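Engineer: Sequence:
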Amino acid sequence: MNELELDRYSRQLLLPNFDVEGQLKFAQANILIIGLGGLGNIAATYLATSGVGFLTLVDDDRLESSNLPRQVLYDESQIGLNKVIAAAEQIAHKNSAIIVKTVPHRLSDDALSMAVENADVVLDCTDNFTTRQAINRACLLSKKPLVSAAAIRWEGQLVSFLYHKKSTPCYECLYPSLSDQQLSCNENGIMAPVVGLLGVFQALEALKLASGCGDVQHGVLKLFDGFEGRWREMRLTKDPECTACALDK
Numbered sequence: 001m002n003e004l005e006l007d008r009y010s011r012q013l014l015l016p017n018f019d020v021e022g023q024l025k026f027a028q029a030n031i032l033i034i035g036l037g038g039l040g041n042i043a044a045t046y047l048a049t050s051g052v053g054f055l056t057l058v059d060d061d062r063l064e065s066s067n068l069p070r071q072v073l074y075d076e077s078q079i080g081l082n083k084v085i086a087a088a089e090q091i092a093h094k095n096s097a098i099i100v101k102t103v104p105h106r107l108s109d110d111a112l113s114m115a116v117e118n119a120d121v122v123l124d125c126t127d128n129f130t131t132r133q134a135i136n137r138a139c140l141l142s143k144k145p146l147v148s149a150a151a152i153r154w155e156g157q158l159v160s161f162l163y164h165k166k167s168t169p170c171y172e173c174l175y176p177s178l179s180d181q182q183l184s185c186n187e188n189g190i191m192a193p194v195v196g197l198l199g200v201f202q203a204l205e206a207l208k209l210a211s212g213c214g215d216v217q218h219g220v221l222k223l224f225d226g227f228e229g230r231w232r233e234m235r236l237t238k239d240p241e242c243t244a245c246a247l248d249k
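Each residue of the sequence shown is one higher than the last, beginning at 1 in full-length UniProt numbering.
Rather than coming from a laboratory, the hints here were simulated on the basis of the structure. It is possible that some hints are incorrect.
Said to hold, decoys possible - Derived DEER-like restraints, expressed as beta-carbon distance ranges: (1) P176 / H93: 41 to 51 Å; (2) D109 / P176: 15 to 25 Å; (3) P16 / S177: 39 to 49 Å; (4) E233 / T130: 20 to 30 Å; (5) K25 / G80: 35 to 45 Å; (6) H105 / L247: 17 to 27 Å; (7) R153 / E64: 41 to 51 Å.
Note that the structure is predicted; figures quoted are calculated from it, not measured. We put the beta carbon where it would ideally sit given N, CA and C, even for glycine.
Model the full assembly from the supplied sequences, consistent with the hints where possible.
Structural biologist: As structure tokens, then:
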């Protein structure tokens, strides 16, 4: 690390369970963020400013004025831009050393599998169940850690799946079927700080996984009630009838 980096990340380097070794590992990591909306824009911001080496950003959506209360990485001048392009512009202002790859379209099939295979950690920040299933299956087959979050109304949830571990449950063990409408904040509403909080937690989980420091619980669903300001946890179990897990046998 050079002097500028030592100064910039000095507060992180002071942590005895992170220090220079963790920072150097983090600087070599490639984190794939799928969805640059309320969750992904926050996660990308903290990962970039914390010094991750590579970010791959995937989203086919364009920025609208109604996004701005939650998607604080962007500004009014970027309305109409594709979100990954807007995100890359802002990240360059925050940390010019970060290498950002932008994918301004949806990934599926082989393209999704390749993106997951090239990543060290995958963040699912989407609001589409069909896409969540595809991301889960790609991570499961590639044995790549998946950090999934969702937020709607006043509630949020976070769960990490560490697929290199044996007999771990997967996302479809938790949600074997779910309609895309149930995930949509366009119809159900969302309180901006709730989704921001979940995005921050996704970044924290990804940082710990990429740097090899800290503990990340696998298969533990963490539920947040923003109205009451409370968390609760549920330990998931593997579903023997899960069709996604069956693909990995």
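Engineer: For K25 and G80, compare the CB-CB distance with the range 35 to 45 Å and indicate the outcome.
Structural biologist: Given about 38 Å between the Cβ atoms, the range holds.
Engineer: Could you see if the CB distance from R153 to E64 stays within 41 to 51 Å?
Structural biologist: Taking Cβ atoms as reference, R153 and E64 lie about 20 Å apart, which means the hint is violated.
Engineer: Return holds or violated for the Cβ distance of P16 and S177 against the range 39 to 49 Å.
Structural biologist: holds, 45 Å
Engineer: Regarding E233 and T130, is the given constraint of 20 to 30 Å on their beta-carbon distance met?
Structural biologist: Once the Cβ atoms are compared, 27 Å apart, the range 20 to 30 Å for T130 and E233 holds.
Engineer: Using the C-beta atoms of P176 and H93, is the stated range 41 to 51 Å upheld?
Structural biologist: Given a distance of about 43 Å, which is inside 41 to 51 Å, the answer is holds.
Engineer: If I claimed the Cβ atoms of H105 and L247 lie 17 to 27 Å apart, would that claim hold in this structure?
Structural biologist: holds, 25 Å
Engineer: Regarding D109 and P176, is the given constraint of 15 to 25 Å on their beta-carbon distance met?
Structural biologist: Once the Cβ atoms are compared, 22 Å apart, the range 15 to 25 Å for P176 and D109 holds.
Checked against the numbered hints listed earlier, the structure breaks hint 7 alone; every other hint is satisfied.
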